[in-house]
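**Q** Generate coordinates for the entire structure from the input sequences, incorporating the hints supplied.
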Amino acid sequence: MNKIDLHGRIAVVTGGARGIGRAITERFLESGAKVAIWDSDAARMQGTVGELAGDGHRDAVIGCNADITSEMSLRGALDTTLAKFGKVDILINNAGIGGPNVTTWEYPTEEFRRVVEVDLVGVFLGCKVVVPHMIANGYGRIVNVASVAGKEGNPNAPAYSAAKAGVIGLTKSLGKELAKTGVVCNCITPAVALTEILAQGSEEHKQYMLSKIPMGRFLEVGEIGALVAWLSSEDCSFTTGAVIDITGGRATY
Amino acid sequence: MSNQIDLTDRAGIITGGARGIGYAVAERYIASGARVALWDSDAAALSAAQESLRGGDRLVTCLADVSSQPSIEAAFATTLAGFGKVDILVNNAGITGPNLKTWEYSAEDFRKVIDVDLTGVFIGCKVVVPHLVANGYGRIVNVASVAGKEGNPNAPAYSAAKAGVIGLTKSLGKELAKTGVLCNCITPAAAKTDIFRQMTDEHIGFMLSKIPMGRFVEVAEIAALVAWLSSDECSFTTGAVFDITGGRSTY
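Line by line, the protein sequences are chains A and B.
Each residue of the first sequence is one higher than the one before, starting from 1 at the first, in this note's numbering.
Each residue of the second sequence is one higher than the one before, starting from 1001 at the first, in this note's numbering.
In case anyone wonders, no lab produced these hints; they're calculated from the structure.
Fair warning: there could be bad hints in the mix.
Stated by the list, open to error - Some, not all, of what chain A presents toward chain B, calculated at C-beta under 10 Å:
hint, residue
1, Met1
2, Asp5
3, Ala136
4, Asn186
5, Pro190
6, Leu194
7, Asp235
8, Ile244
9, Gly248
10, Arg250
11, Tyr253
Backbone N, C-alpha and C fix where the C-beta goes; we use that ideal spot for every residue, glycine too.
**A** The following block contains the structure:
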């Protein structure tokens, strides 16, 4: 296994209490970073923080109650994180929801707005709140968790596809804005991992997604953790505004 | 601070490994515990690289022309004789050709660039892939270029060949999807290597002006990316195109 060097680095992982976010958090801790999990599920977050602290990371991980759709909530989480760790070097905008699996014309407008608010506006707010601090420090690594759905557009997932496409566009815009600051901003476009977000969808939708993956299997969250850890390291120094594939051969561009 | 990429017991081939990007990848591979075969057509550069890399029995060098299948088959046989197996192939060797407009470009130069930069990558894959498939493990990294995505003016053959490498990578990646062999490519912006000597100052200035970070990539930065892509931990990404352009690429 690669030893990614994140010693002395402080990371924020939104939605870090479970699934992909938890896998990223675990890999960060193994790599020497300290991590602030920002999550809206307080009970789940306390459980995760407790488990990770018990694994020998007692002073290396904290949880902050945060709603990524609220700028004020995120500012509070940043204040708490800075008070505990003194700085932030890495931001992983991972928190997201899947929304219902219905066609565009059947999709309730209220649900569409909710998915876009969490999956796209939430990423914008995470960046907006943390970026000025990173610029001031002259160093930062931002990884936004988009999705292959944002490249291809999954049928019966119009809000998710649109929001994730939006994250790709936002990443490209922000990456260029930050190009000379020492802060790099990239996104990843995973195919489906077997996390709880998938459990929100139908069995039919799950099979459809599996059929599109040439490797013929779902992604393991540890594989995302490995990629995100590398993208969060100093070695990722000349790639910004980029879209990094992890789809088992599915993505074609 | 530097990542310790784990390539222990892996054997890698690097075409065009005697200098520039290929040489930087070789340095990083050796530091990561791999054994390395440098395949290069420049005998003098090859022996200089052998000396300076100090890889001991973890390094072999093969004089090889990527545009000749018999030459590549021979280099592969030599490599297998030295290492017993191959796990990693980096198709890096390339030339730029002259900087001229398409309608001024000689057909002979065009064919030569395509033959080295595109057909050479195909031949490298063709010769090595059956061995990787038989072993059930492999990591292939093809060095394409941002020119292959965007098309640089006054570099029609290079742009076309590198675009071809991207297409080939996507095709081969899918063919190998269930074999344990992954095939990806990288699309660097220009690094200041010997290849710059083949370019005009005007062309070099044009390339720099397109990079939002406002500097050229260091070859060690490319090597850092290639090393990660060559590791076990790159396990669910195949047929993909990895940007390393300082913000230039838009897709």
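**Q** Can you verify the interface hint for A:Met1: is its Cβ closer than 10 Å to any Cβ in chain B?
**A** holds, 6 Å
**Q** Would the stated hint for A:Pro190 survive a check requiring a Cβ distance to chain B of less than 10 Å?
**A** holds, 8 Å
**Q** Holds or violated: A:Tyr253 as interface residue toward chain B, Cβ cutoff 10 Å?
**A** holds, 6 Å
**Q** Does A:Ala136 pass the interface check with chain B, least Cβ-Cβ distance below 10 Å?
**A** Interface hint status for A:Ala136: violated (19 Å vs cutoff 10 Å).
**Q** Hint check: is the beta carbon of A:Asp235 less than 10 Å from a beta carbon of chain B?
**A** holds, 4 Å
**Q** Regarding the hint that A:Asn186 lies at the interface with chain B, is the smallest CB-CB distance below 10 Å?
**A** OK, holds: A:Asn186 within 10 Å of chain B, min 8 Å.
**Q** Please check whether A:Ile244 passes as an interface residue: C-beta within 10 Å of a C-beta belonging to chain B.
**A** holds, 7 Å
**Q** Min Cβ distance, A:Asp5 to chain B: is it shorter than 10 Å?
**A** At 5 Å from the nearest chain B Cβ, A:Asp5 passes the 10 Å test, so the hint holds.
**Q** Would the hint on A:Arg250 stand, with a C-beta cut-off of 10 Å toward chain B?
**A** A:Arg250 check passes; min Cβ-Cβ to chain B is 9 Å, inside 10 Å.
**Q** With chain B as the partner, please determine if A:Leu194 meets the hint condition of a C-beta pair closer than 10 Å.
**A** For A:Leu194, the interface hint is violated, since the closest Cβ of chain B sits about 12 Å away, which is over 10 Å.
**Q** Is the interface hint for A:Gly248 satisfied, with its Cβ closer than 10 Å to some Cβ of chain B?
**A** holds, 5 Å
Checked against the numbered hints given earlier, this structure breaks hints 3, 6; the rest are met.
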